[in-house]
Structure formats: C-alpha cells, structure tokens
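Protein chains: 2
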Amino acid sequence: MSSERLIYLPLGGAGEIGMNAYVYGYGKPDQERLIVVDLGVTFPDMDGTPGVDLILPDVTWLEERRDRIEAIFVTHAHEDHVGAVAHTYKSLGAPIYARAFTANIARRKMSEHGHPDDAVTVMGAWPEQRDFGPFKVGFLPISHSIPESGALVIDSPSGRVIHSGDFKLDKTPVVGEAFDPDLWAEVCKGGVKALVCDSTNVFSPVAGRSEITVGPEIEKLVNSAPGMVVATTFASNVARVKTLADAAERAGRSIVLLGRSMRRMIEASIETGVLKDFPAVVSTEDAKNIPRENLMLLVTGSQGERRAASAQLARGKYMGLSMKEGDMFLFSSKTIPGNERGVIRIINAFSEMGVDVVDDSSGLYHVSGHANRPDLEALHDIVKPQILVPMHGEHRHLREHVKIAKAKGMAGVLAVNGMMIDLSGNAPTVAEYIETGRTYLDGSVQIGALDGVVRDRIRMALNGHVVVTLIIDDEDEPLGDPWCELMGLPETGSSNSALVDVLEHDLGQFLGRADAKTLRDDDKLGEALRRVVRNSAQGEIGKKPEVTVVVSRLH
Amino acid sequence: MSSERLIYLPLGGAGEIGMNAYVYGYGKPDQERLIVVDLGVTFPDMDGTPGVDLILPDVTWLEERRDRIEAIFVTHAHEDHVGAVAHTYKSLGAPIYARAFTANIARRKMSEHGHPDDAVTVMGAWPEQRDFGPFKVGFLPISHSIPESGALVIDSPSGRVIHSGDFKLDKTPVVGEAFDPDLWAEVCKGGVKALVCDSTNVFSPVAGRSEITVGPEIEKLVNSAPGMVVATTFASNVARVKTLADAAERAGRSIVLLGRSMRRMIEASIETGVLKDFPAVVSTEDAKNIPRENLMLLVTGSQGERRAASAQLARGKYMGLSMKEGDMFLFSSKTIPGNERGVIRIINAFSEMGVDVVDDSSGLYHVSGHANRPDLEALHDIVKPQILVPMHGEHRHLREHVKIAKAKGMAGVLAVNGMMIDLSGNAPTVAEYIETGRTYLDGSVQIGALDGVVRDRIRMALNGHVVVTLIIDDEDEPLGDPWCELMGLPETGSSNSALVDVLEHDLGQFLGRADAKTLRDDDKLGEALRRVVRNSAQGEIGKKPEVTVVVSRLH
Numbered sequence: 001m002s003s004e005r006l007i008y009l010p011l012g013g014a015g016e017i018g019m020n021a022y023v024y025g026y027g028k029p030d031q032e033r034l035i036v037v038d039l040g041v042t043f044p045d046m047d048g049t050p051g052v053d054l055i056l057p058d059v060t061w062l063e064e065r066r067d068r069i070e071a072i073f074v075t076h077a078h079e080d081h082v083g084a085v086a087h088t089y090k091s092l093g094a095p096i097y098a099r100a101f102t103a104n105i106a107r108r109k110m111s112e113h114g115h116p117d118d119a120v121t122v123m124g125a126w127p128e129q130r131d132f133g134p135f136k137v138g139f140l141p142i143s144h145s146i147p148e149s150g151a152l153v154i155d156s157p158s159g160r161v162i163h164s165g166d167f168k169l170d171k172t173p174v175v176g177e178a179f180d181p182d183l184w185a186e187v188c189k190g191g192v193k194a195l196v197c198d199s200t201n202v203f204s205p206v207a208g209r210s211e212i213t214v215g216p217e218i219e220k221l222v223n224s225a226p227g228m229v230v231a232t233t234f235a236s237n238v239a240r241v242k243t244l245a246d247a248a249e250r251a252g253r254s255i256v257l258l259g260r261s262m263r264r265m266i267e268a269s270i271e272t273g274v275l276k277d278f279p280a281v282v283s284t285e286d287a288k289n290i291p292r293e294n295l296m297l298l299v300t301g302s303q304g305e306r307r308a309a310s311a312q313l314a315r316g317k318y319m320g321l322s323m324k325e326g327d328m329f330l331f332s333s334k335t336i337p338g339n340e341r342g343v344i345r346i347i348n349a350f351s352e353m354g355v356d357v358v359d360d361s362s363g364l365y366h367v368s369g370h371a372n373r374p375d376l377e378a379l380h381d382i383v384k385p386q387i388l389v390p391m392h393g394e395h396r397h398l399r400e401h402v403k404i405a406k407a408k409g410m411a412g413v414l415a416v417n418g419m420m421i422d423l424s425g426n427a428p429t430v431a432e433y434i435e436t437g438r439t440y441l442d443g444s445v446q447i448g449a450l451d452g453v454v455r456d457r458i459r460m461a462l463n464g465h466v467v468v469t470l471i472i473d474d475e476d477e478p479l480g481d482p483w484c485e486l487m488g489l490p491e492t493g494s495s496n497s498a499l500v501d502v503l504e505h506d507l508g509q510f511l512g513r514a515d516a517k518t519l520r521d522d523d524k525l526g527e528a529l530r531r532v533v534r535n536s537a538q539g540e541i542g543k544k545p546e547v548t549v550v551v552s553r554l555h
Numbered sequence: 001m002s003s004e005r006l007i008y009l010p011l012g013g014a015g016e017i018g019m020n021a022y023v024y025g026y027g028k029p030d031q032e033r034l035i036v037v038d039l040g041v042t043f044p045d046m047d048g049t050p051g052v053d054l055i056l057p058d059v060t061w062l063e064e065r066r067d068r069i070e071a072i073f074v075t076h077a078h079e080d081h082v083g084a085v086a087h088t089y090k091s092l093g094a095p096i097y098a099r100a101f102t103a104n105i106a107r108r109k110m111s112e113h114g115h116p117d118d119a120v121t122v123m124g125a126w127p128e129q130r131d132f133g134p135f136k137v138g139f140l141p142i143s144h145s146i147p148e149s150g151a152l153v154i155d156s157p158s159g160r161v162i163h164s165g166d167f168k169l170d171k172t173p174v175v176g177e178a179f180d181p182d183l184w185a186e187v188c189k190g191g192v193k194a195l196v197c198d199s200t201n202v203f204s205p206v207a208g209r210s211e212i213t214v215g216p217e218i219e220k221l222v223n224s225a226p227g228m229v230v231a232t233t234f235a236s237n238v239a240r241v242k243t244l245a246d247a248a249e250r251a252g253r254s255i256v257l258l259g260r261s262m263r264r265m266i267e268a269s270i271e272t273g274v275l276k277d278f279p280a281v282v283s284t285e286d287a288k289n290i291p292r293e294n295l296m297l298l299v300t301g302s303q304g305e306r307r308a309a310s311a312q313l314a315r316g317k318y319m320g321l322s323m324k325e326g327d328m329f330l331f332s333s334k335t336i337p338g339n340e341r342g343v344i345r346i347i348n349a350f351s352e353m354g355v356d357v358v359d360d361s362s363g364l365y366h367v368s369g370h371a372n373r374p375d376l377e378a379l380h381d382i383v384k385p386q387i388l389v390p391m392h393g394e395h396r397h398l399r400e401h402v403k404i405a406k407a408k409g410m411a412g413v414l415a416v417n418g419m420m421i422d423l424s425g426n427a428p429t430v431a432e433y434i435e436t437g438r439t440y441l442d443g444s445v446q447i448g449a450l451d452g453v454v455r456d457r458i459r460m461a462l463n464g465h466v467v468v469t470l471i472i473d474d475e476d477e478p479l480g481d482p483w484c485e486l487m488g489l490p491e492t493g494s495s496n497s498a499l500v501d502v503l504e505h506d507l508g509q510f511l512g513r514a515d516a517k518t519l520r521d522d523d524k525l526g527e528a529l530r531r532v533v534r535n536s537a538q539g540e541i542g543k544k545p546e547v548t549v550v551v552s553r554l555h
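Read top to bottom, the protein sequences are chains A and B. Just so you know, the numbering used here puts 100 at position 100 of the first sequence, and the rest follows in order with no gaps. Just so you know, the numbering used here puts 419 at position 419 of the second sequence, and the rest follows in order with no gaps.
Worth flagging that the hints you see were computed from the coordinates, not collected in a lab. Even glycine gets a Cβ: it sits at the ideal position worked out from N, Cα and C.
Calculated pairs, DSS-like style, for lysine-lysine (alpha carbon to alpha carbon, straight line, at most 25 Å):
1) A:Lys324 / B:Lys406
2) B:Lys384 / B:Lys189
3) B:Lys403 / A:Lys220
4) A:Lys543 / B:Lys90
5) B:Lys334 / A:Lys334
6) A:Lys334 / A:Lys324
7) B:Lys406 / B:Lys189
8) A:Lys189 / A:Lys136
9) B:Lys384 / B:Lys408
10) A:Lys220 / A:Lys324
11) B:Lys189 / B:Lys136
12) A:Lys109 / B:Lys543
13) A:Lys406 / A:Lys193
14) A:Lys384 / A:Lys171
15) B:Lys324 / B:Lys220
16) A:Lys90 / B:Lys543
17) A:Lys189 / A:Lys408
18) B:Lys324 / A:Lys403
19) B:Lys171 / B:Lys276
20) A:Lys403 / B:Lys220
21) B:Lys109 / A:Lys543
22) A:Lys324 / B:Lys403
23) A:Lys136 / A:Lys193
24) B:Lys193 / B:Lys136
25) B:Lys288 / B:Lys317
26) A:Lys334 / A:Lys171
27) B:Lys543 / B:Lys524
28) B:Lys324 / A:Lys406
29) A:Lys276 / A:Lys109
30) A:Lys334 / A:Lys220
31) A:Lys384 / A:Lys193
32) B:Lys334 / B:Lys220
33) B:Lys324 / B:Lys334
Covered stretches of chain B (in silico footprint by chain A; criterion: 3 or more residues with CB under 8 Å from a CB of chain A, positions within the stretch not fixed):
34) 42 to 55
35) 467 to 475
36) 483 to 495
37) 542 to 552
Chain A on its own, in the form it takes in the complex (with noise of 0.2 Å):
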C-alpha cells in the first residue's frame, strides 16, 4: 500500500497558455490508474508553424497506456481545453465526460469526426460525484468567460486534489454559474493535498471586475452610434455575446449573428439551457431590409483571423453585409499576444472604410475571464491547499504563481510539460521526466513537430528553392547540360544575368572538370552540385537557396 502513489503530470499546458492536457494517476510506480484532464489544441503561426492546421499534444505517452486510462474529463468548452478531444480519441479510446454545455460541444466535434455521440457522457454539477477506479471525480462550478466551467475535485487515497480549470472570481456572470466561496469553502473544509491552478493572469496586479460591468458601457457605446454597430468577442463568451444583445434589442436594433462558431454557441447555449433569454435574431437575407441604424451584427473574428466575419467584413462584404461610413466596429475583447498585427490590419481596413472603430484600450469594453493575483490569492485562502501546483500558464507565470504560493507558506511546485509530479508526500517531488511535444494537424495527416517537415517548409521561405536536374548516360557521363527550376528566388543579381543562367553555367563548368568518381556517386554529386549552386547563388544574390538535387541515371 505504501509504495502507492499519486502523480501529476502535465503533457500540455504548463510553460504555455494553450494546449491543455493534464494527467492523474494512483496506482504503484507505473502501474496507476490514469485520468486525463483536458485535450486542448493550440493554433500554428507563420513564424514557427507555416501550413499547419491545428497544434495537438503529443500523447504517445497515454497511447502506450491507454489500457490504465479510466477516463477523459473535460473542465470547458474552450479550443484550448476540448479542441484534441475528437484528434485523439481513437488513439486513447477513453470516455469523455463532462458538464452539459461543454459535452454539447464535444459532441459536435466528435460527429464532425464520425465518432460516436456516447463517447461523451454528462456529468451533473457538485455533489455529483462519480468512481473511476482509484478516483472519485466531480465538478464544482466556477466562472469563467464560457458557461459551465467546472473545477475538478479529484478524490484519491492520498487526499483531495482541487484542479481550477480555468476561472475567475466572479459574482454576477450575466450567464451561469456566479462563483460561490460558500460552497466551496465547504468541498474544501476537509483539507486539500494540492491545487492545481489556472495561472494566466498571475502578473495581473489588480482584482478582476465582474461579466457584469461591462454591460452600462456597451449600452452608452450602442446608444451613441449613429449608424449600423458590428461588434465582436470570442464566440464562446455567451454572457458577452448575450450582453450585446441585450444592448441591441434595448437600443431597438435587430440583431445579426455572423460566423459559424457564433451561431454553435448560442445554438448549443439555448440546447443546454444556459441561454434561456437570448433576444430574437434576423437572418443576413432580413437584414438587407432593416435600415442600418437599427442593425447590431455579432460577429466572429475578434482576433483577426482571416477567415472570420470580422476580417471578411473588412475586406468588402459578408454575407451580403458589408459596413460602410459612419458604422461602428467594437472589440468587445482583447487582442492575444500574437495576433496584433492581424488585429491592427482589420482596423486599418475599417478606418478606410470611414468606419469608427472602438477597440478595449479604454479597458471598458472588455473584462478578462482569468484570475487576477488577488483573485488567485483569494482562491488560495479558500482552499488552503498543502501543495499549490500553477498550470495553465508561460514558464514566467508558473514561476511567479510559485514565489506567491511558498511567500503564503504553502508548498509550490513549477511543473513544466512533462514532469511528472509525486503528490503522495508532504512535499512535491518530481518522480519522472517525460518526453512531450507536440503534434501538427497538417491537412488531413497528423506529423511530429519534430520530423522535419516544417523545418523544409520555414527554410524554403527564408531561402528560396533550386531544383537542379541532371541526367547521367549509361557510361556515367553527363547527357546535355544540367538545369535548374528556381522558386522564390530573385530573377537577376549582381552580375545582371539571369539567376538561373548563371547558376547553370557554373554547374556546367563544375561538370566539365568532375572526376569519374564523383559522377558515379549520387550522394557525392548531389552534394558537390548543391555547393556549387549555394556558392553561386552567394554571390550573386547574397543568400544560399535550399537545393534539391535530382540526377537521372539512363541505365
């Protein structure tokens, strides 16, 4: 019984804010019984991840025990926390559940995928609770910018693990659950051995203000705007998406919802019950008849992706909808770090437009739906935990959420991806080193972040590409001259020939002194080619291209 433990270990999440995926086991040394917390993507850049679709976590560890998972829970219905949940189920083949709201989602996901619905099962909120072998499993609400977010209380023989999910401390949500210290205090009375907490805004000095505040503003703003108003926000925000159109329908404006997800979320709000009193919507092909000044449109793209309502609706038209001077575009929302620059062109294209854009630097607009530092020391003061262990958070926020938590006196831990934590003690001890990553969704195939593949694609857009095809006879001699096939690459450089006539010439002149030797080995060759191509290239351009050699044998 002793040599049983109780280990966490992140595999996502932790040293990143996106990408969650935690695991809980008990059991002795690699033989627990494993839960998984969360399956969550995050999203590619052109910087480091050209191409790619989707970043997933790398879960060969839990694909080699598959057999020792008891189950998937998933704490809410943000990208970040659900969007691996149908990438991965295959592999793992362990039942998900989680609340209604957040099940909603996942199941839409999983059909998407043409996975079974019953492979998502609803769990009610606290007391509900349920076994899943070692563990007793149960989820207590708490708020946070999607409804149902739910903390896991983690029952297991070494004592109770509180696992936050994401959340903030909020009284008055305008949708679901407000934050209720009472009921909390009362799960935690019994003594907590850890709490594994949502770190994101820990650099945040300040309390956090409630969902509510921002409805006065956003109804002064509506009020005042003379034309048609577009705003945006994260679709899955509902309370915010609810909140303007509250302010809409008072200021007697229909309202439009633009953009796929924002119509999932509200459909899967309604179909849950956690929207009960969303105002009446017109379709895009009404509103064409509605005079401007009596238009709200909620729309997607709140981070100025591409493809959304919002960047469309920038380029000219969406939906037949398109803004014009004197309309109003409200960031209901803030601009993730990253996103800036796709943001700043959306709001340019506006200003062309003459359209007035009111983004959150006035800070009215926009509440976050993370804990603030206080807000995470009040947490701390409810749950009274032996062991903190911070997540959901860069390297930087962990590292401070531990110097808040020993400064308190309680035992911190800074677990990155892949540390595997031992729980059972008084004081944390790492038992293990996992190796993590990540898994790109590129297409339709799933590639390592490691095999090369990016790392071809991130250097032809640094360096250009030269193909040179050469074919040898059968006495291993030449056959005509060598070519090249150039992309990305300038047409002319210094000496003001074509690129690819002087890249030519200088491989024809290398063939002519090449040694038999050299022509018979591939390998040789097509790397003495490609140095030739490289240093010319150097010269002429003042950059090396990549190359690829292509020799074609006639015998």
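Once you've looked at the hints, dock chain B against the given chain A.
Frame of chain A, contents of chain B only:
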C-alpha cells in the same frame, strides 16, 4: 506665376508606421523642384515577407525625376527615417543634409555601402537656413527618443511648412535639447501654411511624460537588485542609455555595453558632443573579473530580435557573459506590436534560468518618444497652421488626427502614400495619385514587392513543394517513369503508402493514358502533371502542394 504650386507627396510613412519618405515640391506642375524628407526602412516579418532582409520605399517616382531633386533631409537617425539613405543613394544621387548626430549615423551607413562621406552635409540648428531651389530649409530642434531630432522649417513662395518629424514635448529630455515652446512660437508667428505632423500616439489620451521621470524609478530598481542587472532599450535612445548607466554608476556597478548598435550610438553621441559625461565602461573581458552584483550590462534587443544581445543571453551566452538565478533583466522599452512573440520567448527563457524579468507593464521604466493627443494639440496651438497634414501613422492614426484638426477649425487632409496634395490654395486638394510601393532588400538584391518572389516563398511555406521530373525521348514518349521530389510535405498520407510513391504511381497512370498531343506540348503536359499531383495529394494528405514540373526532352 499663378500656375506654380506647392506639393506634398508621401512615398512612405503615411498609412503605416515606418519607412518614412516624404516629398515636397514647388514649381509649375510636373516641373516642381523637389526636396525629400527622410528615407527610412521598415522591417520584414515571417507572415508577409519571409526571407527578406529589409523593406525600402519604392522610389521609382523620384528616380524618374532625379534631376529635379535639390536635396534629401533626414530629420533624425532612427532606422525608419535614415535606413534607406545609403540604399537609394546611387539611384537618387542627391546631397543629404542632417544635423551632426544624424549625419554621423548616416555617414556610417554611407561608408558601409562604399559611398562618399561628403554626400552628407551637416547643418546647424535653427536659425540656420539654406536655400534649395525655391525652398529655404532649416532644422528646428524638437525632443524625441533620439538626440537632435529636427523638425523642418520649409519656406516656399507659397508659405512656410513645418514638417514635425518624430517628436514629443519634453522640457527635460536628459540628453539633447529640450522642447522650446517660445522658439517654436517665434518661428511660427508669421503664419504657417501647413503643419505636417507625427500621428503615432494620437490615440493616447493622457499627456506624455518626460524622459527624466524614469531615472528615479530605474535607480530604485537597480539599487534593489541582488545580482547582475541587464537592461535593454533602443540603442538610439541615448538619453535612456545614459539614465541606465547613471543608475549603474550610482549603485557602484561597472557598465558593459553589449551589441553593435549600442556601442555605435554611444560612440556617435560622444563624437558629436551630444553626450559629454557618459560613465566609464568596461570590456566584456574585464567584466568577467568583476563580481556580478557589481555589474550592469546595457544590451541591444529590446524587441526580441533573434540575433541581438538579449536574445543571445536568453539562449545562453553572449561574448562570454551569461545570466543566472538571482540576476535581473529590465526591459526599459515597450514592445512594438508584432514583436510580442519574440519578446515573450526571451522572458520565458530568462524565467527558466531563474532570472527576474521586469518589463514596462507598470509604466515606470519607459516613456514614449511620441507626442500623445494632448501634446499634439499643444503643438497645433503653438504652430496654428492653416492646414494640418497628419503623417507617421497607420490609416486609423491619420484619420483620428484629421478629426482632431477639423474639430479645432483647421483644414485637415488625410493623405496616404501616393496621394500628391496641392498645398498652394487655402484648402488642400488632391493633385494626383502616384503609384507607390515597397522594395525588398533580399540578400544583396533589391526586388519589387509584387515580383512574385516572396509570394512563391509563402506558398511553399504553406503548401510544401513537389518537383516532378520527366524525361521524354526523341519519339515524344516518356522515357521511364516520372519521379517526384518532395520538400516540406509529410512522408505518408491516408493510404499509409509513402506519399512520393502514391504521387509517382498516379503520374505514371496518367502518362499511360496521355495522348501524343499532350506529350508533345510542354505547357499542356506540365499543367496536366501539376493537376495530377495536386489532386492526388489532396486525397492523400488533405492539401495541395506547389508543383514544379521539369520535362527534359532528349531531342
């Protein structure tokens, strides 16, 4: 005489922040004598300009009128104002004028390109004015985040134009000249035709703070640091570098300057007398013998640039120096939108080392170099121009600035790159639209932004690249099978066979059915093979790669 006119034409910097290049002209239409104000660069990014080294304004319009250019003036030595001077020197061939510090930097650039030093002429500050054709031009000192920023007083037969350059209203700028409202009022009292004005911070609602306010805060921070302190800022912000160095000296710390531009800017400041009492610095060699708590490094790379000193320290070592637990890293700078990812990467790398990172989120350790909205209004009120022409801003900034001007009763005109404005009359009018654009410095070659080179690189990065090689014999029949080289693509797709095999198989099938007409026609054949590869790849891996087809004919 009545047909002569005063024109303003932005070729860069109006509708963007960066790449400043403004033209003024006076004379009969299409015969105006021209002066150029600033020739700056902007910086590439992976999203839109992978592999590009530098982005320059397209100065074709000027090249075609080079005999009409009287002079080029550089308002200050920031890269977005001076960076293209050497790159365009040959094609424009006009003399360059600047104040001493700016000229020092410009000459360094010229000599790196092998251009003569004496192409750059130093001018003194106002009241010095010189004649340039129909213009009389003088440099009117104004404070900014670099020494000796100069507004231009441009007198023409149509009246006086004030070109603000970049500025803030700082009466205690630490290094360089304080803003002198009395001098400005004196210069403007005879009436100003147009104020062409910086718009960068038009959305910042509160008056800007003086450079001098950051000193005490930095000093407190440095005094409280137990280990080595490393601070970064823009190297050209000589006042800030001095403030940091002074704080180090007072705390008994030896100062090391790391990064080429850091040393270059201090050198230029001392050579030109801008900086008279910079503390002694020690070499990196000597630094190794000094206890780290007695060291302060001033380093380049405040924007997370991969090759700069800060990023190299974040990866491990720079010039034999490295950071460790208990050290502090200070960003005495703000992150320019678009650079967030690189900066955050560095912060997290330092966090992993146990280094405490202090950024400007508190607002204590950095002040902007640009005038905020109340400061802009203060300048309007001093200059009292007939016409306000906002520049140095994205469209949204220019539009807001025009709104302010109009609300204050000035004529305002929103002129973006390529809009030639006639300033002769009482109200500004658009005289002509000029084609403008960007030129990319790519390695050692200048390429047009629309040449397709970069577009091809982006496509390869997003889609991968397949090269198909096929030999056609002298009877117009395929000699053997076609073969494919893949770059940036996954090895296997849905059929679990190697992607290259699937593609080659499908190409072979196609060729088996191809008619003689197709086989004889390179274009037709190439297009057909391309289509086979793209469709086949779509089925296998869910994406369509870029395809290059190389057909070699043996006759």
